[in-house]
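Asker: For reference, the chains in residue letters:
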Amino acid sequence: MTTLLPPKFGPYGGQFVPETLMPALIELEQAFVDAQNDPVFRREYEGLLASFVGRPTPLTYAKRLSEQLGGAQIYLKREDLAHTGAHKINNALGQALLVKRMGKKRVVAETGAGQHGVASATAAALLGLECVVYMGVVDIARQEPNVFRMKLLGAEVRPVTSGTQTLKDAINEAIRDWVTNVGDTHYLLGSALGPHPYPTIVREFQSVIGIEAREQMLRDVGRLPDTVIACVGGGSNAIGVFSGFVDDAQVELIGVEAGGSGIASGKHAARFGDATKARVGVIHGTRTYVLQDEDGQIAETHSVSAGLDYAAVGPEHAMMRDSERAFYTSATDAEALSAFQTLCHTEGIIPALESSHAVAEVIKRAPKMRKDQVILVNLSGRGDKDLNTVIKELGQSL
Amino acid sequence: MNRIENAFKNKPIFMPYFPLGYPDLETSIDVIEALAKNGADLIEVGLSFSDPLADGPVIQKATQVALEKGITIKKSLAAVAELRRRGVTIPFILMGYFNPMLAYGLEKFIRDAREAGADGFIIPDLPLEEAGEFQSLVGDMPLIQMLAPTSPNERMELIARTAKGFIYLVSVTGVTGARTEISDGLGGLINRVREHTSVPVCVGFGISTPEQAAQVGALADGVIVGSACVKMIGSSKMPVETAKQFAAEFRSALN
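First to last, the sequence lines map onto chains S and D.
First residue of the first sequence: 1, per the working numbering; consecutive thereafter.
First residue of the second sequence: 1, per the working numbering; consecutive thereafter.
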């Protein structure tokens with residue numbers, strides 16, 4: 001059957017799901033296309049982004065960090081200041097509005113760091129939807145504050161004990177719930193992955209980051225950035241900010257994966273960084289680069305940041321990597337923790353550990369650039385949720 | 001007449017599912033042989049995957065055990081060949097997720113499966129939209145198509161019209177696993193499918209007792225029993241004996 005929107009990004013993407021779910025994907029795509037063409041929907045969504053999320057989020061000049069690094073001028077796109085503390089709310093609200101449009105009453109979501117879970121719980125509370133969030137028990141332990149937030153917002157958090165007990169397994173369980181309750185339930189997928197139309201929907205709802213950032217750069221700085229940097233787990237914040245600059249061929253796009261304990265250690269989530277373990281495969285409904293063993297079993301991943309701790313990457317990133325429109329690198333746990341502290345000290349901003357990976361790349365790259373060059377970093381979330389992890393990693397106590 | 005067509009001479013057929021490598025490779029081969037020689041008409045031979053998103057807890061756990069014990073596609077295909085050497089002649093449909101097949105290499109996988117003595121494939125995460133590449137390589141071995149209660153008529157027609165071997169009709173929305181009752185709408189659902197195809201229609205997902213099998217068998221051309229089979233045999237101290245009994249009971253309930 002033909003789709004309304006392109007289901008693939010080059011050879012990547014697609015719809016590798018059980019037949020039971022295919023009609024739901026077709027219905028979702030139709031609802032999304034209709035909504036995009038409906039001025040009433042767009043007004044409602046944009047109205048909520050302004051009045052509820054607090055958009056546009058600011059563009060902040062990181063003066064002291066730029067001076068300390070002595071190279072490029074660094075600007076931060078402040079998604080950490082969006083309501084709920086991360087960019088995830090942009091997509092959660094958009095999809096929740098689609099759910100209302102489709103007449104469904106219940107959403108299920110997966111979460112790693114808890115940011116998408118909190119955003120889903122928030123959107124569900126705002127719009128009067130029932131919300132169930134699946135979260136691996138490993139992630140529940142390391143992102144406890146977000147578990148409490150989801151519960152306060154009225155969501156049910158279901159611990160996932162299967163497999164590696166992290167994001168990958170939370171997605172498995174969310175899909176199993178969805179396939180069982182597909183009649184009244186929408187899967188509110190939080191990243192730019194999964195089967196078509198999710199990667200496209202998530203990119204479109206996150207493209208507000210790139211649209212705003214481009215306008216702000218031109219208005220406040222008077223020019224486009226030379227380089228845009230974002231962290232990449234599934235890749236939703238990165239695809240959101242990249243989409244604003246993808247047609248500006250002179251702007252270099254850099255995605256930063258989780259290097260964990262280092263590529264050589266094998267304990268990481270660098271899908272583009274480890275040629276021995278990453279091959280093109282199919283997981284969670286999409287064809288993309290997947291960390292796996294030689295028998296095609298999905299590999300265990302490791303990152304200090306729960307939000308980047310995932311074995312696959314969004315299919316559009318896979319295409320952009322192949323076409324070299326974007327370049328991908330990684331930052332280790334140690335580099336991210338160091339960048340976390342640097343941003344706290346120099347700018348008075350506590351970044352999420354995920355976003356700290358992007359900052360780590362800035363710290364490597366800015367000193368090699370000229371002072372008249374400009375880096376834009378997507379600061380995708382704030383770090384309050386990570387305080388327990390950071391205290392433990394730094395060997396300190398409160 | 002190929003082995004699959006031949007198997008459907010005695011309808012309704014009994015089609016158990018069992019994963020290779022569970023509880024260990026040797027036992028699983030013995031179990032499948034016992035199922036085949038005591039009443040199964042066709043066996044869905046499970047290939048394990050780390051992330052079986054269409055499966056419920058019983059099959060998840062069994063395939064996890066199989067992986068921990070070191071099962072691979074290569075060992076699974078060798079086991080199929082071993083079963084043929086032991087004189088098992090009923091059709092084997094290999095049931096597995098797409099990624100391990102991709103990792104093995106699709107052409108090589110299909111060729112080796114054929115040589116080992118497999119008869120067809122069921123790949124739950126390969127719907128019609130994504131089946132083209134596999135279909136183009138598979139030759140006369142059927143890639144069994146699945147239909148679900150959620151499939152609208154237009155889609156059902158499209159899938160059923162080109163179906164080969166048989167149709168795997170998922171009786172309920174959800175993952176694999178036992179249910180207490182058979183859905184009232186099943187007869188209507190089967191009739192909807194039959195309007196569009198002449199290949200046999202087999203029903204799976206949620207059938208756990210010989211009584212339920214008999215109920216479904218009165219409506220469908222075949223009955224697929226997965227989780228209940230895995231649970232019963234997996235929890236037995238004498239899995240091969242249990243498999244013999246299990247197959248005999250279901251077969252006689254369908255007679």
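Honestly, I wouldn't trust all of these hints.
[Said to hold, decoys possible] Chain S regions said to be covered by chain D (calculated; three or more residues, Cβ under 8 Å):
hint, segment
1, 10-19
2, 38-51
3, 271-285
4, 335-349
[As the list claims (entries may be wrong)] Among chain S residues calculated to face chain D with C-beta under 8 Å, some are:
hint, residue
5, Met22
6, Thr161
7, Gly163
8, Gln165
9, Lys168
10, Asn172
To be clear, the hints were calculated from the coordinates, so they are not data collected in a lab.
Heads up, the beta-carbon is just placed ideally off N, CA and C, and yes, glycines get one too.
Asker: Minimum Cβ distance from Thr161/S to chain D below 8 Å?
Answerer: 10 Å, violated
Asker: Three residues or more, CB to CB closer than 8 Å: is that satisfied between the segment 10-19 of chain S and chain D?
Answerer: As far as the segment 10-19 of chain S goes, the hint holds, because 6 residues have Cβ atoms under 8 Å from chain D.
Asker: Mind taking a look at whether chain D covers the segment 335-349 of chain S? Criterion is 3 or more residues with CB to CB distance under 8 Å.
Answerer: Violated, because only 0 residues of the segment 335-349 of chain S bring their Cβ atoms closer than 8 Å to Cβ atoms of chain D.
Asker: Should the interface hint for Lys168/S be scored as holding, given a Cβ-Cβ cut-off of 8 Å against chain D?
Answerer: This interface hint holds because 7 Å falls under the 8 Å limit.
Asker: For the segment 271-285 of chain S, does the count of residues with a C-beta closer than 8 Å to a C-beta of chain D reach 3?
Answerer: holds (count 7)
Asker: Hint check: is the beta carbon of Gln165/S less than 8 Å from a beta carbon of chain D?
Answerer: 13 Å, violated
Asker: Could you check if Met22/S really has its C-beta closer than 8 Å to a C-beta on chain D?
Answerer: 5 Å, holds
Asker: Next item in the hint list is Gly163/S. Is there a CB on chain D closer than 8 Å to its CB?
Answerer: 7 Å, holds
Asker: Minimum Cβ distance from Asn172/S to chain D below 8 Å?
Answerer: This hint holds: Asn172/S lies near chain D, its Cβ roughly 5 Å from the closest one there, short of 8 Å.
Asker: Within the assertion that chain D covers the segment 38-51 of chain S, do at least three residues meet a Cβ-to-Cβ distance smaller than 8 Å?
Answerer: Violated - the segment 38-51 of chain S has 0 residues with a Cβ nearer than 8 Å to chain D, which falls short of three.
This entry does not satisfy hints 2, 4, 6 and 8, going by the numbered hints stated previously.
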